[in-house]
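Since the structure of chain A is already known, use the hints to place chain B on it.
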Amino acid sequence: MGNRQLDNQADKIISLYDLPVGRSATVSSIQAEGIIRRRMLDLGLVPGTRVEALRISPAGDPKAYRIRGAVIAFRKEEAYQILINL
Amino acid sequence: MSRGSLSADLNELMQEVNRLNPGSSLKLNDSIVCTIYSRAEEITGGIVLRRGKPKFDWDKKLDDVITSRVFGFPSMLLLLAVIFWITVAGANIPSEMMATAFFWGQERLTALLHWLHAPAWVNGFFVEGIYRCLAWVVSVMLPPMAIFFPCFTLLEDMGYLPRIAFNLDNLFKKAGTHGKQSLTMSMGFGCNAAGVIACRIIESPRERLIAMLTNNFVPCNGRFPTLIALAGLLVMGMATSLSASFIVVGVVLTGIMTTLVVSWLLSKTLLKGVPSSFTLELPPYRKPQLGRIITRSIFDRTLFVLRRAVLVAAPAGAVIWLLANVHIGGVSILAHGANWLHPFGQLLGMDGYILMAFLLGLPANEIVIPILLMSYMATGTMIELDSLEALRQLFVAEHGWTWLTAVCMMLFSLLHYPCGTTLWTIFKESGSLKWTALAALIPLGIAVIVCFVLAQSARLLGWV
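As they're listed, the protein sequences go chains A and B.
Under the working numbering, the letters of the first sequence match residues 1 to 86, in that order.
Under the working numbering, the letters of the second sequence match residues 1001 to 1464, in that order.
Hint data in this document are derived by calculation from the structure and do not stem from the laboratory.
Computed from the model, here is a short list of chain B residues facing chain A with C-beta under 10 Å:
1) Val1033
2) Arg1050
3) Asp1169
To list a few chain B residues with every Cβ distance to chain A over 10 Å, as calculated:
4) Leu1006
5) Glu1096
6) Leu1112
7) His1114
8) Arg1200
9) Ile1201
10) Ser1245
11) Leu1311
12) Leu1347
13) Thr1402
14) Trp1403
15) Leu1404
16) Lys1434
Only pairs whose alpha carbons sit at most 30 Å apart, straight line, appear in this in silico DSS-like list of lysine-lysine:
17) Lys1428(B) / Lys1174(B)
18) Lys1061(B) / Lys76(A)
19) Lys76(A) / Lys1060(B)
20) Lys1027(B) / Lys76(A)
21) Lys76(A) / Lys1268(B)
22) Lys1060(B) / Lys1173(B)
23) Lys1434(B) / Lys1173(B)
24) Lys1272(B) / Lys76(A)
25) Lys76(A) / Lys1174(B)
26) Lys1434(B) / Lys1174(B)
Source: prediction; values computed, not measured.
In this text, a Cβ means the ideal position worked out from N, Cα and C, and glycines have one as well.
Here chain A stands alone, though its shape is the one from the complex:
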C-alpha cells in the first residue's frame, strides 16, 4: 500500500472533506497539530493509507470514512486538516 502513494503523486491534492461520498483516495499528509494529530495517526491515518468517504450525517456534518476497515466520523474542521491524493 505504501507504494501506491508514489504512483499517484502527479494527481491533485484535496482535503478529505472534499472527497465525494463513495469515492476513495490515499492520504497525502496530516495538517493537524497536537492531540488531534496524535489521534489521527493512532487511527492509522499515515501517508499512503487508503480512505473511502462513506456517508454524511443527516444534519450535514460530520462525515464518516472507512479507514483500515473501521468506520470513523470526522467533523468538517478535522477532515479539512487531512490532505489526500485523489
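Relative to the frame of chain A, chain B by itself:
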C-alpha cells in the same frame, strides 16, 4: 541532588529532545507511527486472509436508513417513543405490586410497634416518615429503571448509540459542545444521575461540565409520572391518551431545545471555548449479548442509582414527616411554608403548596405529586389518588387550578433544579461545590423566568 545539577540535567535532556524533535515538529512521532503501521501491514499481509465481501451488507443497509436525511431524525424519535412506551406500560404493574407489598409491610410494622406500646411519634417518624418515603421511591423508581436501562444498554450493545451521536453532532457542535452529549442526554431520560455519570465519556473537561450542567433539562423517569398526570389533566374531556402523549412529546422536545440553547449560552459565557475535535467510531452492528446487558444495566446502572436514591430518600422522609406533623399555632410547618411561598407561587402561575412540594421533592422528583396531595389534603402522610377524576376534583374544584397552573407546573418540573441524587453525583463527578451549586441555580433561574413570563403574559392577555 543539588538544584544546580538538576537544572543541568534538565538542560541536557531538553537538548536531546531538540535534537530528536527539531522545533517540536513531531516528525519523530510521525515516523514512529508510520513504521509501526507499515510493519503491522507487512505482518498482517502475510498471515491474515480476508473473506470476500458478503452479498448483502447489513451494516450498510441499516446505516443507510438510520443516518439518512429522510428517516434519520424520525427514526430516532420513534425509537425513543417506543422505549418510553415500553417503560411506562411495563412498569405499571410491578410498581403497583411493589407498592402493595411495601404497604402491607407498613401495616405489619405499625402493628408491631403498637404491640410494643411504642409512642405514636415513633410510628409516625419511622414508619409513616422514613419507611413510607423509602417504599415510595423504591416502588416508583425501581421498575421503570429496570426496564429503561436494559433497553438503553441493548441499543448500546448493538452499536446503535454512536449513530445517534453521528446524527446529532452538528446541533451540538453549533452549541459549542460535543456530539457525545446527545448520548448522555438520552441516558438522562432514564435517570439524570446516570446521565451525569455517563458524561465521563466526554474527554474535554469543558464539554463534560456543560453536559453535566444541562443533563437535567431532559425529564427523567422520576418526572415522567408527574408530566403524564398533568398532561392527562390538561386534555381531560378530550378523552384520548394520544393527545396526552403529544403533550409529553412536546415537553420532551422543549427540554432538548433548552439543552442546546443553555449549552450554547454556557460555551459563550461561563465555559468559553471552541468545540474540541470529534473522532467517533461507528462500529459494526452486532448481536446483543444478553448476559452482559443484564449485568451492566442492572448492577452498574439500576442498583447504583437506586442505592444513591435510597440514601437520599430516607432522611428526606423523616424531614417531610416532621414538617407535616409539627404544628405551630395549630398549623403544620408545611402549611406555614406554603402560605409564605404563596405570593411567589402566584407570580409563577402556581401556588405555595406546589412550590413547597418542589422544595421538599428535592431528594427525588417522584415524591413531588404525593407531597402535593398530602399538603392539599392535610393528611400528614404521603398519599396517592387512584383516579385522574379524583385528582381533577381536588386540584380544579378545591384548589382553583386552571390550565395555566398545570402548564406552569409541567414547565417548572421540566426545568427546575436536578434531584438531590443527581446533585450529589455532580458533586462527586466534578469535585467542585461551585459547579454543583450552579447545576442547581442555573436551571432554577430558567424555570422561574419561564414560568413568570408565561404566567404574567397569559394573565395580561386575558387567557385565564
